[in-house]
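K.L.:
Protein chains in written order, with the numbering used here: chain E, 406 to 758; chain A, 406 to 758.
Keep in mind that the hints are not guaranteed to be accurate.
The list makes no distinction among identical chains, and a pair is therefore deemed to hold if it is satisfied within one copy or across any two copies.
[Stated by the list, open to error] Computed cross-link-like contacts, DSS-like style, restricted to lysine-lysine with a CA-CA straight-line distance of at most 27 Å:
1) K430 with K715
2) K475 with K409
3) K475 with K616
4) K616 with K430
5) K653 with K722
6) K475 with K607
7) K653 with K715
8) K722 with K616
9) K475 with K710
10) K715 with K625
11) K430 with K625
12) K591 with K475
13) K409 with K653
14) K430 with K475
15) K591 with K625
16) K707 with K607
These are computed hints drawn from the structure, not numbers from a lab.
Keep in mind the model is a prediction, meaning the values are calculated, not measured.
There are 2 protein chains.
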Amino acid sequence: MSEKQTEISQLGEFGLIDRLTEGLKAVHEGTAKGVGDDCAILHYNDVDILVTTDMLLENVHFDLTYVPLKHLGYKSAIVNFSDIYAMGGTPKQITVSLGVSSRFTVEYMTELYAGIRIACEEYGVDIVGGDTCASRQGLVISITCIGEAPKGQAVQRSGAHDTDLICVSGDLGAAYMGLQLLEREKVASAGQPDFVPDFAGKEYLVERQLKPEARRDIIKALAENGIRPTSMIDISDGLSSELMHICKESNCGCRIYEDRIPIDYQTAVMAEELNMNLVTAALNGGEDYELLFTVPLTDHDKVEKLEGVKMIGYITKPELGEAMITRDGSEFPLKAQGWNPLAAPQSDKKDKE
Amino acid sequence: MSEKQTEISQLGEFGLIDRLTEGLKAVHEGTAKGVGDDCAILHYNDVDILVTTDMLLENVHFDLTYVPLKHLGYKSAIVNFSDIYAMGGTPKQITVSLGVSSRFTVEYMTELYAGIRIACEEYGVDIVGGDTCASRQGLVISITCIGEAPKGQAVQRSGAHDTDLICVSGDLGAAYMGLQLLEREKVASAGQPDFVPDFAGKEYLVERQLKPEARRDIIKALAENGIRPTSMIDISDGLSSELMHICKESNCGCRIYEDRIPIDYQTAVMAEELNMNLVTAALNGGEDYELLFTVPLTDHDKVEKLEGVKMIGYITKPELGEAMITRDGSEFPLKAQGWNPLAAPQSDKKDKE
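Taking the hints into account, I'd like the entire structure generated from these sequences.
P.N.:
So, in structure tokens, the structure goes:
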């Protein structure tokens, strides 16, 4: 090609995806929702089928120095389940494709697969196929998950309205702090074969990074309490980035309150220790796999009773933009820093379409 | 891990998959067929959904020295469509996951994606999602295809019976010879910027390697002529390997006739030129994406009238094993050499679960 060449970093991941999928039109009536949500939605007679896919590459998404293979397998499956739950669906089947370099033995691959199998047993999902091939470089994991939602009930990113309440499950920033901790211990252990990493008092952070869970319980609680979110997304790239996806797809703005963002005690201690801004970590730290959703204002009292869910703000008209109201009452515009290795090559994390 | 370690090459790809998926049980009633065919089959009320996935890694499955990105995109999609057709289904949607290293520009990725889009337009398939992330090494392409078959009509590998006729579409070995040719010209061109590769009289071979098609036309012809194969598979790893999959899954043996194996004139010329055994190339050369299927003996006359389909042998009782009857009438046992980079690290091709 002789024409002008554009670095991918100039567009970033989302820009690249927009460029690649520009003007795509579905030919099948059943293709209800294509690119641009946690999952694709395929209409069948009495059910909507959800499809999501996630690729994990060694030394981009995981570092085998400190990530046990079984945990990696577990997490690889969970991140896909999370996307299905984020549409209000139920994950049913996965396919597992693995690119394996010759330095991996059968026993290592069995460990990895054991983690995938445990996640599937835990969440009631069937492994139905895949592809296994040699890789010249590192380990490649590509999982596709198929789920179901009752006809017309899949919750998209595009349904938020002015005055809707913004809710988030669990707490944020812990997975990111877990990663910082693991990286710190990796550096500290360099060249010391007998090194014992010190995770005392920070077990929660390590677990959030290495063995995240998908919030099936929240989806169940919402259904039991008759709450149907107007929009929903899972937090894989950070609260800011996900909130901006909802605002973009729903054509609205938002206000969230700094003092309402749920943060665990260990996350705060770790941020202090590392001299990092805690709110930045909570806003932009990825991989929490919590659910971010909006509900009509009239659901306020119902949501208030939900355990593990916090209302952090509200949806506005689009012209008001997206902002956080800080503790001192000023407005801080949200930015989708997220984890964008295509835009920022030095970063070690990932974005998801 | 301190236990005994086993090299993956000792098991090969299929052995590894058997080990990893040992004892897998489906929890969902809808999961009708999991690992072990071209596609998984998921039962829905009035339709069977087919799912297949394929991973392509740079320098394992393709060499960008001579594979144009647009062709690569096209082929990446086609190999998935082929798996759906091999179940007698219709491909409907794909997800496209890409791992991209920083040496690729937006324009390069657009070329690749253009090839995928052209294949999708050609075959009436919707792109419904994917994942795009940074790769530290080469290009990674992982595509999952979703298709449909009428309820209970998906053709599996397991339905062949004693006396069934073995049929194959198109011709075999050409894609493999195309690869040999491209590799030869690559070597010849080394260090010569003005080198013009010589493909005169061998255009068919290059096209078979770089721009294969999926045999939708054969599926259509079978339906129009009221022929329902008892078993079917697409030839991605070579005739021998695929035939042995059918025999294993159907618990039967087979006899094929050397002189019935369809081979194009250009393939024969190229084998001669390279001093390669032509029949070995046709038996073990992969990537032809032709259909291999069995039909009841009573369909003989119907199949005989089909254009582009050749009967090459018959299914036997399992105790007779799998063999080719050579031109001189002797029996030559079939071996699944296929392309197994996990068993033979020096090979440049791939196997598919």
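K.L.:
Within, between, both or neither: how does the pair K591, K475 come out at a Cα-Cα threshold of 27 Å?
P.N.:
Answer is within; shortest intra-copy Cα gap is 19 Å, inter-copy 42 Å.
K.L.:
First find the shortest C-alpha distance between K653 and K715 inside one copy, then the shortest across copies, and answer within, between, both or neither for a cut-off of 27 Å.
P.N.:
within (22 Å within a copy, 55 Å between copies)
K.L.:
Please work out whether the CA atoms of K616 and K430 approach to 27 Å or closer within one copy, between two copies, in both situations, or in neither?
P.N.:
between (38 Å within a copy, 24 Å between copies)
K.L.:
For the identical chains here, do K591 and K625 meet the 27 Å Cα criterion within one copy, between copies, both, or neither?
P.N.:
neither (38 Å within a copy, 58 Å between copies)
K.L.:
Since the copies are identical, ignore which copy is meant and state whether K707 and K607 lie within 27 Å (CA to CA) inside a copy, between copies, both or neither.
P.N.:
neither (33 Å within a copy, 71 Å between copies)
K.L.:
Using 27 Å as the alpha carbon limit, work out where K409 and K653 are close: within a copy, between copies, both or neither.
P.N.:
neither (30 Å within a copy, 53 Å between copies)
K.L.:
Please work out whether the CA atoms of K475 and K616 approach to 27 Å or closer within one copy, between two copies, in both situations, or in neither?
P.N.:
Intra 10 Å, inter 39 Å, cutoff 27 Å: intra-copy only.
K.L.:
I want to check one pair: K430 and K625. Are their C-alpha atoms no more than 27 Å apart within a copy, between two copies, both, or neither?
P.N.:
Classified as between; 25 Å across copies, 34 Å inside a copy.
K.L.:
Since the copies are identical, ignore which copy is meant and state whether K430 and K475 lie within 27 Å (CA to CA) inside a copy, between copies, both or neither.
P.N.:
Cα proximity of K430 and K475: across copies only (20 Å, versus 40 Å in one copy).
K.L.:
With 27 Å as the alpha-carbon cut-off, assign the pair K475 and K710 to within, between, both or neither.
P.N.:
Answer is neither: 36 Å inside a copy and 54 Å across each miss the 27 Å cutoff.
K.L.:
At most 27 Å between alpha carbons: which applies to K475 and K409, within, between, both or neither?
P.N.:
between (45 Å within a copy, 18 Å between copies)
K.L.:
How would you label the pair K715, K625 (within, between, both, or neither) given a Cα cut-off of 27 Å?
P.N.:
within (16 Å within a copy, 55 Å between copies)
Of the numbered hints given earlier, the model fails hints 1, 8, 9, 13, 15, 16; all others are met.
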